[in-house]
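S.K.: Keeping their order, the protein sequence lines are chains Z and G. For our numbering, add 999 to where a residue sits in the first sequence, where the first one is 1. For our numbering, add 7 to where a residue sits in the second sequence, where the first one is 1.
Keep in mind that the hints were calculated from the coordinates and are not lab data. Nothing here was measured: the structure is a model prediction, and the numbers come from that model. Check the hints yourself; a few may be wrong.
To be verified - Listed below are the simulated DSSO-like cross-link pairs for lysine-lysine, each with C-alpha atoms no more than 30 Å apart in a straight line:
1) Z:Lys1152 / Z:Lys1082
2) Z:Lys1253 / G:Lys124
3) Z:Lys1115 / G:Lys92
Unchecked claim - Short derived list, chain Z residues pointing at chain G, Cβ under 7 Å:
4) Met1073
5) Ser1106
6) Lys1113
7) Phe1128
8) Gln1132
9) Ile1161
10) Pro1162
11) Glu1163
12) Gln1171
13) Ser1213
14) Leu1216
15) Ala1239
16) Pro1242
17) Arg1246
18) Ala1264
19) Arg1272
What the hints assert, rightly or not - Selected chain G positions facing chain Z (Cβ under 10 Å, derived; list incomplete):
20) Ile26
21) Val32
22) Asp40
23) Ala44
24) Ser48
25) Phe67
26) Ile73
27) Val77
28) Asp101
29) Ile103
30) Leu106
Ideal Cβ positions, reconstructed from N, Cα and C, are used throughout, including at glycine.
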Amino acid sequence: MQLRKLKPFLITVFSGLFFAGYAQTVNQTVAIADQFMSSGQFAAAAKYYQRAYFFASKEQVPTIRGKMADAFFMSGQYALAEKYYREAETFEKTDTVKTEWFLKKISSLILQKKFKFALLSILNYRGIFTERQTKNRSFLLGTIYFGQEKFDKAREWFARTIPENDSVKRKQLDELFKRKNLMRPNPELAYWMSLFFPGSGQIYAGDWKNGFNSFALNGLLVYIFLVDMQNYSFWDSFIAIYPWLQRYWMGGYKRAQNIARRKRAENRARTFRRIKQLIYSP
Amino acid sequence: MNITFKIQAQAPGNNVDYIGQVEHVFDLHLHQDNWTAPMRSARNEAEFFFAVLYWTYKTFISSQDIDSCVFYPSCSTYMIESIHKHGVLYGFLDGIDRLSRCSPFANNHYPIDFKHKKYYDPVQ
């Protein structure tokens, strides 16, 4: 009843809104996306750029596409970033800008860990590079080889980013490529150590707590095994305890290998960050 | 023949630092299980007791074990979740039931969780 009384009023208000309302323009949408981008909300920015890209005119497309690719890149959506960087690179007329899109595309590939594809693309590219872009290209090539565990080649390419006369930086780079930073702890060694002496592989890999835990658990099971053997018989003890012992022994050496793999990956990641800081530090 | 190149200082994008992003390509993003959570969410002493047992098992025994449970979530996690959801008695029995079902012959009865590569059997 009350609603019926309000009907003329509501119709007047809403029809007024209908005629007064207008859609957001492409430029306004891009402006909102730019704001999101500058405030670090990259995923939200990517959505707005996508909307603008859909409705954009032919002239607006190149700019929006580049911005959208950047938003995808910064929000961690590297596959989409790669797609739009590739489009941007294809349609770009200016040579060095084309190279810039290309390098961003390579970065997207690297961040997706598609090292082979990235290597193939970067070695086949015949574009024009500025001095800064040449340095970035060498760094990205070094990164690809680093990801492929070809450390000699990686060092070679990283060294190209450092001026010939900067002997201090070159020496620091050689220090970073020492075996202890890249190859240790050795997962195979950790595996065999724990296989022969439970817990030793974990301790070697740097996980003391896990190592002592493994040693204590397996030691306890061996002790129970021996006590059972004395009280009953070898076969009684074997049937009762051996399945447990085997399970935790196996778990121990497999875990030692995994711990060593993780620690080595952490060491490599740390070394790589230091290399980047060394190359790009003033 | 003269070849001319077009050179522009800045790409028409948002000037992102792509080298800065690549710096973190080898960083590890490890998922850390929170085994103390059931202790914090325990509603009574009995639940807390089982939560302590769960933590002890996960920290000192399960951490040394081979990956033998065929289900996701694992049997111990299933039991502690069931205890939290249905109470100590029903949850404990439900957990024992789950343990009895945990074997390589459990196929064809459960959907597969492809992320964990295990049979998916959450607390109902």
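S.K.: It remains to establish, for every hint, whether it holds in the given structure.
M.R.: Verification of the hints:
1. Z:Lys1152 / Z:Lys1082: Holds, at roughly 28 Å.
2. Z:Lys1253 / G:Lys124: Holds, because 18 Å separates the two Cα atoms, which is no more than 30 Å.
3. Z:Lys1115 / G:Lys92: Not satisfied, since the Cα-Cα distance of roughly 49 Å exceeds 30 Å.
4. Met1073: holds (6 Å)
5. Ser1106: holds (4 Å)
6. Lys1113: Cβ of Z:Lys1113 sits 11 Å from chain G, so the hint is violated.
7. Phe1128: violated (11 Å)
8. Gln1132: Z:Gln1132 check fails; min Cβ-Cβ to chain G is 10 Å, beyond 7 Å.
9. Ile1161: At about 15 Å, which exceeds the 7 Å cut-off, the nearest Cβ of chain G leaves the hint on Z:Ile1161 violated.
10. Pro1162: violated (18 Å)
11. Glu1163: Because about 21 Å separates Z:Glu1163 from the closest Cβ in chain G, which is outside the 7 Å limit, the hint is violated.
12. Gln1171: violated (17 Å)
13. Ser1213: Holds, because the Cβ-Cβ distance from Z:Ser1213 to chain G comes to roughly 5 Å (cut-off 7 Å).
14. Leu1216: Check passed: Cβ of Z:Leu1216 comes within 5 Å of chain G, closer than 7 Å.
15. Ala1239: violated (17 Å)
16. Pro1242: Nearest chain G Cβ about 11 Å off; hint violated.
17. Arg1246: This hint holds: Z:Arg1246 lies near chain G, its Cβ roughly 6 Å from the closest one there, short of 7 Å.
18. Ala1264: holds (6 Å)
19. Arg1272: holds (6 Å)
20. Ile26: holds (6 Å)
21. Val32: holds (6 Å)
22. Asp40: Given a least distance of 14 Å, the restraint on G:Asp40 is violated.
23. Ala44: violated (20 Å)
24. Ser48: With Cβ-Cβ at 25 Å, over 10 Å, it is violated.
25. Phe67: Nearest chain Z Cβ about 6 Å off; hint holds.
26. Ile73: holds (4 Å)
27. Val77: Status violated, d = 15 Å.
28. Asp101: Constraint on G:Asp101 not satisfied, violated at 25 Å.
29. Ile103: With Cβ-Cβ at 20 Å, over 10 Å, it is violated.
30. Leu106: At about 15 Å, which exceeds the 10 Å cut-off, the nearest Cβ of chain Z leaves the hint on G:Leu106 violated.
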